[in-house]
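Chemist: Heads up: the protein sequence lines correspond to chains A and B, in order. Numbered by the working numbering, the letters in the first sequence go through residues 43 to 357 in order. Numbered by the working numbering, the letters in the second sequence go through residues 1164 to 1597 in order.
To be clear, the hints were calculated from the coordinates, so they are not data collected in a lab. The C-beta atom is built at its ideal place from N, Cα and C for all residues, glycine as well. Hints may be right or wrong, so weigh each one.
Claimed, not checked - Going by beta-carbon spacing under 10 Å, a handful of chain A positions derived as facing chain B:
1) T96
2) T241
3) L242
4) L243
5) F250
6) D257
7) K259
8) S260
9) G280
10) V283
11) P284
12) S285
13) R287
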Amino acid sequence: MTSPDAAPILKSSHLLGIDGLSPFDITALLDLAETYVMQGRATDKKTALLKGRTLINLFFEASTRTQSSFELAGKRLGADVMNMSVKTSSVSKGETLIDTASTLNAMRPDILVVRHQDAGAAELLSRKLDCSVINAGDGAHEHPTQALLDALTIRRRLGHFEGLVVAICGDVLHSRVARSNLRLLSMMGAQVRLVAPRTLLPADADRFGVEIHTDMKSGLAGADIVMMLRLQLERMSGAFVPSAREYFRFYGLDRAKLAVAKPGALVMHPGPMNRGVEIASDIADDVQVSLISEQVEMGVAIRMAILDALSRRLP
Amino acid sequence: MISARSGRIAFRNARLIDPASGLDAKGGLLVENGRIADVGPRLFNDAEPNDPEVIDCRGLVLAPGLIDCRVFTGEPGAEHRESLESASTAAASGGVTSMVVMPNTDPVIDEPSLVDFLLRRAAATAKVRVLPCAALTRGLHGETMTEIGLLKEAGAVAFSDGDRSIANARVLRRALSYAATFDALVIAHAEDPELTLNASATEGEFATRLGIPAAPAIAEAMMVERDIRLVELTGARYHFGQISTRAALNAVAAAKARGLPVTCAVSAHHLMLNELDVGSYLTFRKVSPPLRSEADRAAMVEGVASGVIDAIVSSHEPQGADTKRQPFAAAAAGSVGLETLLGAALSLAHEGHASLIQVLATLTSAPAHIFGLPTGTLAKGAPADLVLIDPGEPFVVDAEKLHSRARNTAFEGRKLQGRARATYVGGECVFDAR
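Let's have the full structure, built from the sequences with the hints guiding it.
Modeler: Set out below in structure tokens:
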């Protein structure tokens, strides 16, 4: 069990993205998270590490999964957790965000977890607030805790990252999960492939040192890990993809497509899943290949590790 | 109905013209099991073929069957104007063995099941090959892209909104990106829809004298130039279904020079007619885009001669008395053309603008290349889609003698030279006027 006066792990008092972390930071966070996996499986899951600390979950976008994961992580470490869901009017976003920041600052939180629909929101708040800020997803920019929990899941199963072939498939264009994951996995020595129709690939994606594939067969060939992304409903009705049925036919993960991956390849999904759109149910529910439930468990552990690490820099 | 014929047919004493290989020589050709089994200048020289069917071509041109890349029919939805069966009869008599049919039907061909329907109907009723072009956007509304992957699997050879432009650049950009994912061919109609709203003619002195609502010719080049930018961004294979102005021709030439995957076609009527041919409000010469100035028409001839224009198409568009017997502005646009395509195109050879093999290339090997078809060639092993042509035969276009169900030809009374004498699809004779 770590103690409040343990050695600092992170150089920054915020976690805004994978950008800014070093491979050493990541390895240290993953190592620390291992201890919280054990704690989460114990009968008494609670410690007093963050006793007296206040954690605010500030969510401008609804997210049951991430918000409850942070809430549980904070509570298991003994912090007081407050959830705030904010619906913004798009007209005065910037103003509202700054206003919200100064209001929150006056409440003197120790750690703020923020999810916002606009890229750069977490960074803006980190400059305005006195507390630690954790980015729980900002627009299509970063979702670092998701990438870290994915990394923890992969490392626990395969033991390493070096040389692993990871195919990230689906709506890369709008995905902060994809951006954080490709940063982290590339940094740790994995070979990342992005697989998507051209409408869902961001411009100059090839500049990120990844392989680009528009065909699942070539993209999944020999892959160790197949990471599926969620396709938002409003993007599958003609704007980016003509229909859900066409998307599933060409980009949905089914047995036939998975068959070209490495034997024993593992499947991941950040959730929530669209069954029959990006992933077939029989794969999602197959505990032999699907890591989806494990990802959720690792999510709590990695967030406890992050809270622990950031709290070491708090006054 | 096309069925592979098991019999052998020996064509002897022909002038073989195969633009795909550059062959233009006297010789013979052997058809076996619906495919070209042998071909060459020396074939049947030494010995008379002893095949069940021997055709003495008497020096007439034997070429690959024509591929018409732009045909509108009325099936489904307006079979009273033209069905696949009647269009294919017209095609066969015009030497056309494959026709790309546009999706502007009722219902619009924007569903995989409708492509399947078209192919089944064609198999049951059509004399020539029917290649469905599916809609690029649902309902041709220019808003949401169609299921390009599924439609292509169902048998669509290309994607187009037919005679409509996609006004919204964001929609077209995404549709092109998506099409590029599947290496699908997109066919454009290049006319700015707002500039050409309600227009029936090309803006200029003639339209002003007649008082017809008209649109500036640049409405075409504007869209061609915009589309070329989007092709450069997305990498999609793009074919301008028909161009009609020098400005558009120059834009396409520049795009090709930059190595972009762009091709274009011109309609027979834009090669042969200019705006003055509308005369006293002849609605049969109201076409889309409208007939252009003589300078633009001459540019089209030049474009074919230089090779910038890849293909010549009929833009066959059947209309009935109900839609054509109207005041000019109210009349529907379009002309039938399957039976006049060959004669109109050959006028370029007769007038010395291009060689015979060059003109035939625009009707055979070039379209086959654009659409990735196995036809359009006399190569051994290729499907035996053939046309026997008398390139010098003069005739006067008579709407009453057309095989097409619709008779709205823009070439009525026009003297043309060069006709199909016999047409074969997959080795089966579908038209014979020998």
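Chemist: Would you mind marking each hint as holding or not holding in the structure?
Modeler: Comparing the hints with the structure gives:
The restraint placing T96 (chain A) at the interface with chain B is violated, with a minimum CB-CB distance near 45 Å, outside the 10 Å limit. At its closest, the beta carbon of T241 (chain A) sits 5 Å from a beta carbon of chain B; the interface hint therefore holds under the 10 Å criterion. Because the beta carbon of L242 (chain A) sits about 9 Å from the nearest beta carbon in chain B, less than 10 Å, this interface hint is met. Interface hint at L243 (chain A): satisfied, since its Cβ lies 8 Å from the closest Cβ of chain B, which is below the 10 Å cut-off.
The closest approach between the C-beta of F250 (chain A) and any C-beta of chain B is roughly 19 Å, which is over the 10 Å cut-off, so the hint fails. The closest approach between the C-beta of D257 (chain A) and any C-beta of chain B is roughly 8 Å, which is under the 10 Å cut-off, so the hint is satisfied. Restraint check, K259 (chain A) versus chain B: the minimum CB separation of about 13 Å is more than 10 Å; hint violated. Among the interface hints, the one on S260 (chain A) is violated; its C-beta lies about 12 Å from the nearest C-beta in chain B, farther than the 10 Å criterion.
Annotation: G280 (chain A) was flagged as interfacial toward chain B, and the flag holds, the nearest CB pair being 2 Å apart, inside 10 Å. Nearest Cβ of chain B to the Cβ of V283 (chain A): about 7 Å, under the 10 Å cut. The hint holds. A least Cβ separation of about 4 Å between P284 (chain A) and chain B falls short of the 10 Å threshold, and the interface hint therefore holds. For S285 (chain A), the shortest C-beta to C-beta distance to chain B is roughly 5 Å, which falls under 10 Å, so the interface hint holds.
Below 10 Å, beta-carbon pairs count as interface contacts, and R287 (chain A) has one with chain B at about 7 Å; its hint therefore holds.
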